[in-house]
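In order, the protein sequences belong to chains A and D. Take 1 as the starting number for the first sequence in the working numbering and just add one per residue. Take 1 as the starting number for the second sequence in the working numbering and just add one per residue.
Among the hints, erroneous ones may be present.
Quick list of simulated restraints, FRET-style, between CB atoms [stated by the list, open to error]: (1) Q122/A / D63/D: 24 to 34 Å; (2) A56/D / P343/A: 24 to 34 Å; (3) T33/A / R78/D: 20 to 30 Å; (4) P25/A / R83/D: 25 to 35 Å; (5) K98/A / Y60/D: 20 to 30 Å; (6) E97/A / A108/D: 25 to 35 Å; (7) N66/D / T74/A: 23 to 33 Å; (8) P53/D / E367/A: 32 to 42 Å; (9) R190/D / H10/A: 22 to 32 Å; (10) R137/D / Q21/A: 27 to 37 Å; (11) Y60/D / G303/A: 46 to 56 Å; (12) E105/D / G79/A: 48 to 58 Å; (13) R83/D / T74/A: 38 to 48 Å.
Just a sample of chain D residues kept apart from chain A, beta carbon distances all over 12 Å, derived [stated by the list, open to error]: (14) F64; (15) L67; (16) E72; (17) I88.
Example chain A residues on the side facing chain D (calculated, C-beta under 10 Å, incomplete) [stated by the list, open to error]: (18) E67; (19) E68; (20) I88; (21) A103; (22) K112; (23) H132; (24) M298.
Hints in this document: simulated from the structure, not taken from any laboratory. Backbone N, C-alpha and C define an ideal beta-carbon position, used for all residues, glycine too.
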Amino acid sequence: MRALTWHGKHNVQVDTVPDPQIINPRDAIIRITATAICGSDLHLYDSYIPGMSNGDILGHEFMGVVEEVGRGNTSLRKGDRVVVPFVIACGQCFFCEKSMPAACDNSNPADKADATEIAYGQSVAGLFGYSHLTGGYAGGQAEYARVPYSDYGPIKIPEGVEDERVLFLSDIFPTGWMAAENCQIEPGDTVAVWGCGPVGLFAIKSALLQGAGRVIAIDHHPNRLALARANGAEILDYHEVKVREALLEMTAGLGPDSCIDAVGMEAHGFSPDNVVDAIKTTTRIGTDRTHVLRETIMAVRKGGTVSVPGVYGGMADKWPVGAFMEKGLTLKTGQTHVQRYLPRLLEMILEGRIDTTDLISHRLPLERAADGYKNFKENQNEWTKVVLLPGLT
Amino acid sequence: MPQTSIQTSTATPAGPDTPVTDAVVEPTAFLDRDLHEGDYGSDSVRAVLINRPRDALYAYWRDFRNLPTFMETLNEVRVSDTRQSTWIVEGPGGGDVELTSEITEDRAGEYIAWRAAEGSDIDHEGWIGFRDNAFGRGTEVRLFISYDPPAGVVGKVVAKVLQREPRIQARRELRRFKQLMETGEVSTSRAPDAAPRGPRHL
Ligand SMILES: [Zn+2]
Ligand SMILES: [Zn+2]
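Here chain A stands alone, though its shape is the one from the complex (with noise of 0.2 Å):
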């Protein structure tokens, strides 16, 4: 099959690879129809993350028909349309149980948990296409996928809804629901949103439909603030206005009353073989990339809420930790637990509630996919959101 592959830094190109096969019985192969480019991939293609290796297939936002299913899955058959989790989770682990699919205890392979829990205390779930510390798994940017218990996670999709309404529901719809689902928004809340992207984005659409009374919207790239706008924030160009100070003046003093972090820093801070080493030598790098969620703990309300969706990796200096005490602020953060929404969320798309297709820029043929890496990369304010066609020539 085709698929796009990883070769290293800013290097990364459509190859022929061998398919993907079943391997254990809950297993399910998928001909993906549509896949994107998540903001989070661009931290694999500048090379942060470590644990990959050339020729690992990327890729964690798809969906698809059932091509293949195991023995042991009985809930999806051939010819099924599903959106697939970028979060791998089996569905019977005491996390899985709580509704916290990204806490899967089994998902990730014993030999790579082994990574995560000398970096993180305790391994992490496996994950598609995001390195050998959440798993080593291919990815979706491909023709097809083996998805690993697929009789937990993908959602099945009716017919005749076209993909670009429900494509989202693998990644960035949920991450921007929990974003705000874990302000705890009260109606009439005000919620201010850092960073436009698209999980910014979705972040902004879910806060109003919790009932919050205003949303502001911070990023500096013209285009995104456009659509942040169309979708009902006020917004702040931070290469104008000082944040913190047109904050406090918009609330007249009180400051949002959730603050939430979409922008977060280059995953990195974290190496399999030589953890604290790795640690220690990029605390100092992460000292500045903290920007936004020191920003954050400063400018929310005393007893506000601070929920960071955005990626951190490794250690950060510079922990605002006074006014995190001192203003009583209740942090909240994680991967997204995508399994726990998707029913509640793919019927608010198809009541048309929520319009999760304003986003997207550009559709690209999968074999035009390293383009799209580089223009995603290059010029944010033009490529907000890239969907890769397989099927597309």
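Chain A is already provided as a structure; the job is to place chain D with the ligands on it using the hints.
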């Protein structure tokens, strides 16, 4: 296992959702060196919580022929009688390494201990303990492994097949055991899941 004087509190706020259990919260091997000091140079104990009944976990492990289903380096286990078994590990060039074990203690549903028998290629001992989690979170499983890493060529083979050291071995084998018991399969991302892989970039 010997009882000790170390007490761990079972006190927990009694709320409507607090699971009721009669299980005893005993000191673990981490709190009591007597519970895990091995006879051999290299040893490790590791605990894992498995979301399955204690008896089922014990039964699966007690049939040593099941071990290769989750111990990647084991080719085969031959069970000679109720106490003795030979664990066959494939070395490079087809040279097998054989660990011959004898069960030294066996308490149904709770505990199995073994040690190297006459003729084993490696001196080793180990035990696995099963107990109900006192708070209703399934079964606590603890695995203890101890052996003398042999020197020379055999030593290299053994280090490879035993995944370098008991700590890593115990961690990985318990992870795979838990995966198999909870989900019915052992998680893997091995090829042809992806393109052929070159050297790892770290
Ligand atoms: Zn993503
Ligand atoms: Zn799980």
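Structure-based check of each hint:
{"no.": "1", "hint": "Q122/A / D63/D: 24 to 34 Å", "result": "holds, 30 Å"}
{"no.": "2", "hint": "A56/D / P343/A: 24 to 34 Å", "result": "holds, 31 Å"}
{"no.": "3", "hint": "T33/A / R78/D: 20 to 30 Å", "result": "violated, 50 Å"}
{"no.": "4", "hint": "P25/A / R83/D: 25 to 35 Å", "result": "holds, 34 Å"}
{"no.": "5", "hint": "K98/A / Y60/D: 20 to 30 Å", "result": "holds, 25 Å"}
{"no.": "6", "hint": "E97/A / A108/D: 25 to 35 Å", "result": "holds, 28 Å"}
{"no.": "7", "hint": "N66/D / T74/A: 23 to 33 Å", "result": "holds, 24 Å"}
{"no.": "8", "hint": "P53/D / E367/A: 32 to 42 Å", "result": "violated, 52 Å"}
{"no.": "9", "hint": "R190/D / H10/A: 22 to 32 Å", "result": "holds, 28 Å"}
{"no.": "10", "hint": "R137/D / Q21/A: 27 to 37 Å", "result": "holds, 36 Å"}
{"no.": "11", "hint": "Y60/D / G303/A: 46 to 56 Å", "result": "holds, 50 Å"}
{"no.": "12", "hint": "E105/D / G79/A: 48 to 58 Å", "result": "holds, 54 Å"}
{"no.": "13", "hint": "R83/D / T74/A: 38 to 48 Å", "result": "holds, 40 Å"}
{"no.": "14", "hint": "F64", "result": "holds, 20 Å"}
{"no.": "15", "hint": "L67", "result": "holds, 14 Å"}
{"no.": "16", "hint": "E72", "result": "violated, 8 Å"}
{"no.": "17", "hint": "I88", "result": "holds, 21 Å"}
{"no.": "18", "hint": "E67", "result": "violated, 15 Å"}
{"no.": "19", "hint": "E68", "result": "violated, 14 Å"}
{"no.": "20", "hint": "I88", "result": "holds, 8 Å"}
{"no.": "21", "hint": "A103", "result": "violated, 13 Å"}
{"no.": "22", "hint": "K112", "result": "holds, 7 Å"}
{"no.": "23", "hint": "H132", "result": "holds, 7 Å"}
{"no.": "24", "hint": "M298", "result": "violated, 35 Å"}
The structure shown violates the earlier hints numbered 3, 8, 16, 18, 19, 21 and 24.
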